[in-house]
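Colleague: Could you put together the complete structure from these sequences and hints?
4 protein chains.
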Amino acid sequence: MTRWPEWTLAGGPVQMSAQTLRDQSRPVLYHYDPAFLELYERTCDLSKQVFRTDYDVVLMHGEAILALEAATASLLTPGDKVLNLVSGVFGKWFELFIDKYGGETVEIAVPYNEAIDPDIVRKTLEEHGDIKFLSVVHSETPSATINPVEAIGKIAHEHGVVTLVDTVSGLGGEVLSPEDWGIDIAIAGPQKCLGGPPGLSMLAISPKAWDTMEKKPSPVRGSFLSILDWKDTWIEKKKFPYTPSVSLIYGLESVLRQALEEGIERMAARHALIAQACRRGVEAMGLRLWAASESIAAPCVTGVVLPEGVTDGDLRGRLRDHYGIMISGGYGELEGQLFRLGHMGIAAHPGYLIAQLGLVERTLSDLGHPIELGRGVGAALSALSDWEPA
Amino acid sequence: MTRWPEWTLAGGPVQMSAQTLRDQSRPVLYHYDPAFLELYERTCDLSKQVFRTDYDVVLMHGEAILALEAATASLLTPGDKVLNLVSGVFGKWFELFIDKYGGETVEIAVPYNEAIDPDIVRKTLEEHGDIKFLSVVHSETPSATINPVEAIGKIAHEHGVVTLVDTVSGLGGEVLSPEDWGIDIAIAGPQKCLGGPPGLSMLAISPKAWDTMEKKPSPVRGSFLSILDWKDTWIEKKKFPYTPSVSLIYGLESVLRQALEEGIERMAARHALIAQACRRGVEAMGLRLWAASESIAAPCVTGVVLPEGVTDGDLRGRLRDHYGIMISGGYGELEGQLFRLGHMGIAAHPGYLIAQLGLVERTLSDLGHPIELGRGVGAALSALSDWEPA
Amino acid sequence: MTRWPEWTLAGGPVQMSAQTLRDQSRPVLYHYDPAFLELYERTCDLSKQVFRTDYDVVLMHGEAILALEAATASLLTPGDKVLNLVSGVFGKWFELFIDKYGGETVEIAVPYNEAIDPDIVRKTLEEHGDIKFLSVVHSETPSATINPVEAIGKIAHEHGVVTLVDTVSGLGGEVLSPEDWGIDIAIAGPQKCLGGPPGLSMLAISPKAWDTMEKKPSPVRGSFLSILDWKDTWIEKKKFPYTPSVSLIYGLESVLRQALEEGIERMAARHALIAQACRRGVEAMGLRLWAASESIAAPCVTGVVLPEGVTDGDLRGRLRDHYGIMISGGYGELEGQLFRLGHMGIAAHPGYLIAQLGLVERTLSDLGHPIELGRGVGAALSALSDWEPA
Amino acid sequence: MTRWPEWTLAGGPVQMSAQTLRDQSRPVLYHYDPAFLELYERTCDLSKQVFRTDYDVVLMHGEAILALEAATASLLTPGDKVLNLVSGVFGKWFELFIDKYGGETVEIAVPYNEAIDPDIVRKTLEEHGDIKFLSVVHSETPSATINPVEAIGKIAHEHGVVTLVDTVSGLGGEVLSPEDWGIDIAIAGPQKCLGGPPGLSMLAISPKAWDTMEKKPSPVRGSFLSILDWKDTWIEKKKFPYTPSVSLIYGLESVLRQALEEGIERMAARHALIAQACRRGVEAMGLRLWAASESIAAPCVTGVVLPEGVTDGDLRGRLRDHYGIMISGGYGELEGQLFRLGHMGIAAHPGYLIAQLGLVERTLSDLGHPIELGRGVGAALSALSDWEPA
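Chains as they are written, first to last, in the numbering used here: chain A, 53 to 442; chain B, 53 to 442; chain C, 53 to 442; chain D, 53 to 442.
Keep in mind that the hints were calculated from the coordinates and are not lab data. Predicted model only: the values in this text are computed from it and were never measured. Treat each hint with caution, since some may be false.
Note that identical chains are pooled: a pair holds if it fits in a single copy or bridges any two copies.
[As the list claims (entries may be wrong)] Straight-line distance between alpha carbons at most 30 Å, and here's what the computed DSS-like set of lysine-lysine pairs gives:
(1) K268 to K144
(2) K133 to K152
(3) K268 to K152
(4) K144 to K290
(5) K283 to K152
Modeller: In structure tokens form, the structure reads like this:
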């Protein structure tokens, strides 16, 4: 059997803490057991606190792609115009759902190492008065960049547009506020900055979004893709439309609790500082950051341009097989162009960062890439002078 | 906080064994880590062995309802005639999916304590030469009954009909064979007889079923509901269409391994004997079994008619809150008519059965129902004389 | 590999709850880590609360036999007279330690199914004015009997005798009070009624006991057998004399917390009621209880005379290998005379009791012993009418 | 509650791997359960394989200090001359046991940063023809040094001296052979290089050692300190002298299995290389290694002289509280003179080493000690060029 890596420092799913693993292994309860109903409700409440919202939060029992498809299917009526913002692979993919559910896409696209400019969003909305929806990826994990969702959401809100935000790897990395940011549906997952298990998605849903779903000519109900089913059952009657993923709910409840114990601001600051130190380390190694500018680099993961003469397979393969560290490569169209250093959840910590940078140096050197061992680590250590523990 | 029950002996999800809980808490790997790819492939292989099939097995990352909807969406072309066999709540519900995806339902229904007669299936298929699909629930958990799927499947096969079987709580309780039984899509879940976690579904898919999905005018692709996506990605390229539920795969791999160590025949025999002993116990208590006849009673759960003067809430509430045992009640239309004693997975064992029966006696007595304490247990113990341990 | 039993219902060690197992698997800390020092101190505090004492509590890092030997070695000066009360195997064995450490034993012995009469203790102490120590086993696990330690301790106290009580399987089964009961050293363990791991012992130590240890001509120090070492290090300086068993401390801390959440009175009442129901079940099976009278039967375990024609090996072997339940047999001199039904810790619960009794019936019947299946269970169920959940 | 450190990289106990934690949390079995007897026997067999010996191996159920005292008590007859080799705190402490059990100590001592010279051992043995025992610490954890036990043991063997070796932190860090090295009793523990739990000790015992114990005027029996008790019970009759620490045996069995899967040579080479890289890193930081020479530096832990102006409390306190890494300080007489970087068990891995060195740099810099960040890490990375994964 293939040896397991010592550490998984990928772009998600991420390593869970020892406490999360223990909490997730609580005995499986029958889903209508009063203790499970109580825990499920608490998990929804904790989700709202982590989202910093008074909107309803719905948990869907599939990875975030389920929630993204469900939201598209539930909101769109064929012919609806959707302004889709594309700054990476995930943003571009979203157009497939718009197509599938009959929407008409208006696209604003930038190169995949840049972020969307809110002014262009404003201009586009002004030009296209009939745009009903806006979709944007908050944290483009494959590009290791973030979009200015606060500004974008506010503009969209002013224009009466229903805004759908994929913040799967954004939540916990930045302090979000659906209400203040003008977001109608925010979709997150436990398996990124929160450090939980993959297999669930969390949706914060504004009254306007509910209204849109309900007023659609044929509302999406009676389907695994239905969000309204959860309103009709859990929210209104404390019933489930189907058997929930009990163990994963345990894992989610655990990481939400841990996040609130740490405090969302501190959690975001932790991710921000580690990401910054990572970038200083990468630059000092003589490598090029993928993100076009400092301000759009993601807090959860750092993209690095593959240096000439080094293949993704060689770099990541040796790092994993030889030094026991699993990181992510480029994804989709970006495969072979960059590699990504993960620092989300428990990995957003000086120890994992320093080890990761040091062993990337070691690996590059093993592969014949000229590098001064310790230089990148030194720069990262220097940037950690402001580190404050949780 | 509400106290947790000592034991969950419900109609599923069920208690996981200590080994399963430990295996499920292995560290989360990145889904493209070679060790995870290897484990995922092994899980698919083990699934095939447990299904006793050479057909492809696809794992979908949502509870069985996802697989049922996905199969319907993927197979049906609007206007297709589907023979839907209804012997319980789940069978009846399936019609909603047929409707949703444009099928035309031909129904054979029996009272919810009876099973489908294969002869009527044959006759109906002969009458309706244009029936393209047949759907049947193998083990109707809410009714605690089973349908003669072997006979039905063979008949359907003779008539060239594509057969879809919901064997979520059937697999492991009976020895199945998709090929021999003429099943084109068999859908199972880890959280019933296998004793695993809820949140996944396993689909055994015949070449004919693949062919039907691919030849549909607009094949279902690019969706959480797509089965073909898994063929295009995992089966053909060892890629994932989205992030799999890593922890749940660990749980599934563990219970499949345990099932094969025990042997599927022995596992089925174990469930059968415990179910039989349960029925003898129930009868000796003076209660009435829900299933109309011995031969159609399910191996995984036993339905018992609620005795007069005893409400479901009183019985199950006291059993749980006072004696720490959580069982299931009637579900859907059957709510308030029966209660269900669970004996699947690790609970298909003399210890759990005897404790459960004894404490049902104690509870009924507490509630003023006349009962001779120990009588039901005695009859069950007597029926356990053929018990052979795994 | 030998198959593991489904349940361990022995005379200790016992099954740990799922929560205890999880808590015990917390990551191992360095013993001088501030978090471990804090947890260790909390564990000592919780121990005092469970012992209901203001005396110092010392944790020794070996099973109770270590504490018993350590206490003997630490207290006795060669020539000291010790009144040793013998109502079972463990009481008799204690004489070996008295001998080893130079004491002179005065013995009061009763048959191993009876308990010590406090009046005889009083008379003996009056006759032998030079007795300095009294040793007694509170709960004689091998005999499944208890001694009236409250009365005995008070008498000893009046006579100025230093009293050593082995309450390894007593603590949690009865509500103890070292101060009120005149006990100078009480020794308990986590692995019995508390439902924790074997490998530690807890000693509540009176000022008089400390004084005796310190005033001994050559106090026992600098040894694994030293109790004073723990006073000199942990109690006075928060240092350890050697590396503590970190994982076991986690387990102990967990079960102490759980015990206090339940409440010691409720915990004792729970053990008492289950033991009583067990005895009613045993009698109704036509078997003979080992304990000579109801009032001296132990709350933690029930001794049953092996019926004629049934060997211990056959009974316990079949119960374990065929029905998955491990119970204890007779121990030491009592081997082959009795078997013991365990009901301590999480097993002091109706479910485990009923299952255990039922499967003992089934096993006896398998072995050809005439028995009316269900009769014993019925009597036990009847005796459970006063059961109150925690 | 005090926050737990992210990593424990101390001089032992050490972090356990995720697998070890899972294996250690297997359900507690009754110690006479056939499955436990089998597992216990397997654990003894695995211990022999890890010790590379055909001698008997006895497991004692207390930390290594128990085994050291037990061996002294069991071997020595008052008046016996013991050659005690002292190169550190633990070696010196051993004299207390020699005194306690009536031996007469002949000491060879060196400064605590040096190792014993075998030639002086030879000369001393030649001078003192009546020396019966030799005691030596293989790996002096507090000094982070090793003694040349192979050479010493062979010399002792030639002189007919019974040799007792404390290899608690040596086993797994070097490849040992009691037979070839002339060792009569080798004492190890799970909680160091093996990466297991504290609370047990393993003793490899030569026939000559058994013989010495048995021929002593009053052999040590009937005591927690007795080794012969284990021969009389477990080895000869598969009985236990008292209840074993079941959970810890699970932990030990797990780490022994993992060690043999890796291979003892590879395990030792892994510790050696990481230790070497650690030393290169420390030197490059401008710090001074505690060990007087490269050849006597321990594979399990690296001692570093505290730089002027930096207190142990400041350095280790900040490293732990600020950066989440717990390391060990000086111990006993060495307190305040050195700090120790741990690299045993799973921590003997490039990732933990690099992180540890980097954050020591960061901490020293925080404390105002002049340091070039990244320099030590760079040197360590350079020394890792020969790293081979397990």
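Colleague: Against this structure, judge whether each hint is valid.
Modeller: Evaluation of the provided hints:
no. : hint         : in the structure
1   : K268 to K144 : both (25 Å within a copy, 27 Å between copies)
2   : K133 to K152 : both (13 Å within a copy, 26 Å between copies)
3   : K268 to K152 : both (16 Å within a copy, 16 Å between copies)
4   : K144 to K290 : between (37 Å within a copy, 23 Å between copies)
5   : K283 to K152 : both (24 Å within a copy, 20 Å between copies)
Violated hints are absent here; each numbered hint is respected by the structure.
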